[in-house]
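Number of protein chains: 2
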Amino acid sequence: MQVDIAKGILEKNDALAEENRERFARSGVFVVDLMASPGAGKTSTILATIAALRDRYRIAVIEGDIASRVDAEKIAAHGIPAVQINTGGACHLESDMIKRAVDTLDLDEIDLLIIENVGNLVCPTDFDLGEHAKVMILSVPEGHDKPYKYPGIFQVSEAVILNKHDTVGVFDFDEAEFRSVVHDLNPNAPVFALSATKGEGVEAWTEWLAARVEAAKAVQP
Amino acid sequence: MQVDIAKGILEKNDALAEENRERFARSGVFVVDLMASPGAGKTSTILATIAALRDRYRIAVIEGDIASRVDAEKIAAHGIPAVQINTGGACHLESDMIKRAVDTLDLDEIDLLIIENVGNLVCPTDFDLGEHAKVMILSVPEGHDKPYKYPGIFQVSEAVILNKHDTVGVFDFDEAEFRSVVHDLNPNAPVFALSATKGEGVEAWTEWLAARVEAAKAVQP
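One line per chain: the protein sequences are V and B, in this order. Using my numbering, the letters of the first sequence correspond one by one to residues 1 to 221. Using my numbering, the letters of the second sequence correspond one by one to residues 1 to 221.
Just so you know, the hints here were simulated from the structure itself, not pulled from any lab data. Cβ coordinates follow ideal geometry from the N, Cα and C atoms, glycine included. All the given hints hold, so there is nothing to weed out.
Here are the simulated DSS-like pairs of lysine-lysine, each with C-alpha atoms no more than 25 Å apart in a straight line:
id, chain 1, residue 1, chain 2, residue 2
1, B, Lys198, V, Lys149
2, B, Lys99, V, Lys149
3, V, Lys74, V, Lys198
4, V, Lys149, B, Lys149
5, V, Lys99, V, Lys217
6, B, Lys12, B, Lys99
7, B, Lys198, B, Lys74
8, B, Lys149, V, Lys198
9, V, Lys74, V, Lys99
10, V, Lys149, B, Lys74
11, V, Lys74, B, Lys149
12, V, Lys99, B, Lys149
13, B, Lys217, B, Lys99
14, B, Lys74, B, Lys99
15, V, Lys12, V, Lys99
Example chain V residues on the side facing chain B (calculated, C-beta under 8 Å, incomplete):
id, residue
16, Pro38
17, Asp65
18, Ala67
19, Ser68
20, Val70
21, Val122
22, Pro141
23, Asp145
24, Lys149
25, Lys164
26, Thr167
Put together the whole structure using the sequences plus the hints.
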């Protein structure tokens with residue numbers, strides 16, 4: 001019975017996600033869902049992405065957190081539209097939360113919508129939000145063994161960001177092993193090593209993202 | 001209706017947790033549930049705790065992970081009984097998983113049972129496993145703003161470990177602010193700053209834990 005209940009929740013989520021996706025397509029908005037552990041550097045990566053791409057694209061951000069408006073305030077301080085979702089306890093975002101957040105934005109004035117999911121390597125993987133791509137961030141201090149323990153999130157991500165790359169020397173992080181296991185789990189996902197707060201190594205990631213934004217604009221009906 | 005379902009699951013969990021608790025009490029075992037983000041250093045903290053207390057107490061460990069036996073193997077390599085639970089996707093442990101793991105252990109031969117929960121700052125907070133104390137670990141690289149974003153886990157924890165404390169200088173971690181916010185959320189929880197992999201600062205934490213182990217033995221029927 002529990003399985004059926006979960007299935008019902010997912011089916012309802014996926015139907016609304018499809019509505020979100022059609023809405024994004026009509027406006028030619030590319031939507032990326034950033035997932036990571038707490039403190040892996042989601043907001044810092046978003047800020048570095050904004051710095052790299054704000055002259056080329058109109059960007060907006062939806063921030064998901066259990067509580068607080070800390071992240072949305074950080075984004076808004078840079079003059080970027082930011083909507084905060086407080087899940088009130090839920091460990092992931094769902095498509096109806098995204099719908100309500102998107103209702104407050106003018107999609108025709110946005111090229112790139114970045115969703116920051118709740119800090120969690122497990123729950124967000126199962127929930128389609130209507131985004132074009134899920135991307136995950138692992139930070140070096142978390143350790144190179146995380147793909148063994150949380151394989152699902154590595155498998156659903158179209159790209160993997162390895163953040164806090166400047167601390168590889170501080171921690172016992174085996175980057176070759178990390179890249180090898182990620183490749184086994186998801187052969188098509190590029191791994192972008194960068195240090196978001198220092199702005200180092202960001203370009204390969206932002207150019208990959210820019211190519212996806214262009215593709216979304218090209219297919220706009 | 002969803003609320004009722006969730007309530008039913010929690011009620012079932014709590015009833016089994018009570019059975020676990022009575023079982024632990026009969027054997028005079030103190031049980032601690034360690035919660036943290038992925039990569040915060042749960043296993044390293046357990047290994048440092050084992051090193052400090054193994055001459056005084058008989059210790060066993062239950063390892064919870066979505067997948068893999070990596071952590072149980074690390075513990076077992078030190079000659080400590082270790083049971084691995086793979087949740088197969090679930091983002092937290094539940095009391096029935098603990099019951100089944102405990103069935104494989106001889107509780108009368110154990111003084112201290114350490115449970116490592118799934119790496120997650122959200123889901124484990126709501127689930128009573130029958131443990132005597134929940135303790136959380138935050139690692140310095142995760143950032144001092146985490147109590148704002150994940151207040152629940154700080155509120156349910158009887159102690160807070162601040163791990164990777166040797167990297168305070170590497171990251172922009174405001175320890176005074178962190179301690180202040182934790183104190184506001186949970187005035188009775190001590191904060192133990194330590195570096196588990198280096199074995200630094202471990203004693204205050206292990207002495208707190210040892211006092212709790214002694215208390216559990218003292219009330220054994």
